[in-house]
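Visitor: The residues making up each chain are set out below.
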Amino acid sequence: MSNPQVELHIEELGVITLELDADKAPKSTENFLAYVNKGHYDRTLFHRVIPGFMVQGGGFEPGMTQKSVGAPINNEANNGLKNHKYTVAMARTNDPHSATAQFFINVADNGFLNHTAPSVQGWGYAVFGKVVSGNDVVDKIAAVKTGQRGGHGDVPKDDVILTKAVAI
Amino acid sequence: MDVVSDLHLQAGLGHVEVWVNYLNTTTADALFILGDLFEVWVGDDAYPRNVSPQNFEVQCLEQLSAISFRLPIFVMHGNRDFLLGSAAAALGGFSLLTDPCVLSFGGQRWLLTHGDALCTGDTAYQAFRHRVRNSAWQIEFLAQPASVRRQAAQEMRKQSQEQQAKNKVDSSKTDLDVNNGLAMEWLQAFKADMMIHGHTHRPADHQLSAGHVRMVLSDWDVNIQNTAASPRAQVLRLSAAASSAPSSPGTVRVNRINLLTSSATP
Numbered sequence: 002m003s004n005p006q007v008e009l010h011i012e013e014l015g016v017i018t019l020e021l022d023a024d025k026a027p028k029s030t031e032n033f034l035a036y037v038n039k040g041h042y043d044r045t046l047f048h049r050v051i052p053g054f055m056v057q058g059g060g061f062e063p064g065m066t067q068k069s070v071g072a073p074i075n076n077e078a079n080n081g082l083k084n085h086k087y088t089v090a091m092a093r094t095n096d097p098h099s100a101t102a103q104f105f106i107n108v109a110d111n112g113f114l115n116h117t118a119p120s121v122q123g124w125g126y127a128v129f130g131k132v133v134s135g136n137d138v139v140d141k142i143a144a145v146k147t148g149q150r151g152g153h154g155d156v157p158k159d160d161v162i163l164t165k166a167v168a169i
Numbered sequence: 015m016d017v018v019s020d021l022h023l024q025a026g027l028g029h030v031e032v033w034v035n036y037l038n039t040t041t042a043d044a045l046f047i048l049g050d051l052f053e054v055w056v057g058d059d060a061y062p063r064n065v066s067p068q069n070f071e072v073q074c075l076e077q078l079s080a081i082s083f084r085l086p087i088f089v090m091h092g093n094r095d096f097l098l099g100s101a102a103a104a105l106g107g108f109s110l111l112t113d114p115c116v117l118s119f120g121g122q123r124w125l126l127t128h129g130d131a132l133c134t135g136d137t138a139y140q141a142f143r144h145r146v147r148n149s150a151w152q153i154e155f156l157a158q159p160a161s162v163r164r165q166a167a168q169e170m171r172k173q174s175q176e177q178q179a180k181n182k183v184d185s186s187k188t189d190l191d192v193n194n195g196l197a198m199e200w201l202q203a204f205k206a207d208m209m210i211h212g213h214t215h216r217p218a219d220h221q222l223s224a225g226h227v228r229m230v231l232s233d234w235d236v237n238i239q240n241t242a243a244s245p246r247a248q249v250l251r252l253s254a255a256a257s258s259a260p261s262s263p264g265t266v267r268v269n270r271i272n273l274l275t276s277s278a279t280p
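Chains as they are written, first to last, in the working numbering: chain A, 2 to 169; chain B, 15 to 280.
Source of the hints: derived by calculation from the structure; they are not laboratory data.
Hints should not be assumed to be uniformly reliable.
As the list claims (entries may be wrong) - Think about it this way: if two alpha-carbon atoms lie no more than 20 angstroms apart in a straight line, the pair counts; the simulated EDC-like pairs of lysine to aspartate or glutamate are:
#1 LYS165/A - GLU20/A
#2 LYS83/A - GLU31/B
#3 LYS146/A - GLU169/B
#4 LYS146/A - GLU154/B
#5 LYS28/A - ASP96/A
#6 LYS158/A - ASP59/B
#7 LYS146/A - ASP59/B
#8 LYS165/A - GLU13/A
#9 LYS141/A - ASP159/A
#10 LYS165/A - GLU31/A
#11 LYS39/A - GLU62/A
#12 LYS131/A - GLU20/A
All chains, full assembly: derive it from the sequences and hints.
Guide: Given below as structure tokens:
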């Protein structure tokens with residue numbers, strides 16, 4: 002079974018193509034594709050950008066309004082995939098199994114985000130794919146100026162808009 | 015009690031495992047971290063805890079916090095993380111110490127300091143230090159957005175590295191190590207017996223005069239070859255031997271514990 006690919010069209014910056022690992026991260030892949038096909042990611046922001054760390058999106062519309070999401074999915078961080086640079090992983094709250102729609106792309110080898118133990122502290126973040134084209138677009142997102150906005154930190158001063166996400 | 019410094023923790027620098035392992039297994043009843051816990055720290059607000067994925071630094075503070083239930087942790091500013099504030103201390107479960115300060119232990123007075131203030135031969139650094147330890151400068155710096163501060167810190171680091179390269183080839187540069195004369199003055203001013211500091215990454219004991227030793231801590235860069243002469247990830251452990259009468263000084267045993275075997279790390 003070949004791995005599904007998704008294009009993220011970023012306004013004014015270009016296209017990031019993700020290859021999802023349906024084999025090692027089946028639930029996360031299925032969950033992500035469901036949001037893609039529903040159009041959930043269309044016109045969302047990369048709302049949290051930290052150079053040397055990661056760029057995060059999939060949850061907010063321009064204006065920083067949070068979009069409604071579906072049920073949380075199980076954490077698949079114990080699948081052996083590591084948070085290497087340019088991998089994509091599910092974002093979540095402190096509850097290990099709280100991931101819904103938000104995701105982030107690592108812009109460094111973030112080993113400290115890997116699964117170490119099935120505990121609250123050690124669960125880590127589930128990598129479910131990687132960037133196969135558009136590293137330069139990811140880099141451009143990571144380089145934008147950021148600041149505080151409505152109680153959120155590291156928000157791009159000029160909206161970084163994911164205009165549409167398409168399964169190809 | 016254990017004394018360490020110069021962890022220089024930063025995502026991707028690879029010595030976290032040794033440190034976390036040490037935190038989980040130490041039998042000390044107190045831990046003193048004399049500066050440069052972090053490679054860089056641009057202000058407490060740049061590392062929020064209520065976001066996910068968390069910054070690496072937040073994870074480090076939470077690791078410390080978990081240990082702090084077991085043993086009290088004391089942290090001093092270094093030349094890299096002098097902006098560590100009360101929010102970081104609260105998250106990390108530690109108390110911030112002023113630099114320098116005196117610890118009474120085992121009947122002796124120990125002067126604890128990061129060490130950078132004593133390297134008077136490094137005039138370029140001392141000028142920089144004078145500028146950034148100024149509260150007006152810090153207030154202005156912290157008012158800028160976190161992203162701007164991160165850029166500035168990177169720029170400062172680059173300039174520091176360039177200056178260090180220049181120092182190496184400048185024959186007029188006097189010794190860049192801690193000035194022993196000044197160290198002795200500090201000991202006398204604080205009526206202290208021993209000094210413990212880090213910063214120079216040159217672990218050794220220096221006899222300043224009778225009864226006065228300057229003990230230098232190692233750094234924790236496990237990517238630099240660990241040798242007997244220049245160990246990394248070394249913990250200074252002070253143990254007070256039991257003393258029968260409260261008024262007699264007792265003795266303090268000082269051990270340097272090497273966490274890395276000499277057959278180096280990958």
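Visitor: Hint by hint, note whether the structure agrees.
Guide: Hint by hint, here is what the structure shows:
no. : hint                : verdict
1   : LYS165/A - GLU20/A  : 16 angstroms, holds
2   : LYS83/A - GLU31/B   : 16 angstroms, holds
3   : LYS146/A - GLU169/B : 16 angstroms, holds
4   : LYS146/A - GLU154/B : 19 angstroms, holds
5   : LYS28/A - ASP96/A   : 17 angstroms, holds
6   : LYS158/A - ASP59/B  : 18 angstroms, holds
7   : LYS146/A - ASP59/B  : 17 angstroms, holds
8   : LYS165/A - GLU13/A  : 12 angstroms, holds
9   : LYS141/A - ASP159/A : 13 angstroms, holds
10  : LYS165/A - GLU31/A  : 18 angstroms, holds
11  : LYS39/A - GLU62/A   : 15 angstroms, holds
12  : LYS131/A - GLU20/A  : 6 angstroms, holds
Figure legend: structure checked against the earlier numbered hints; every hint is met.
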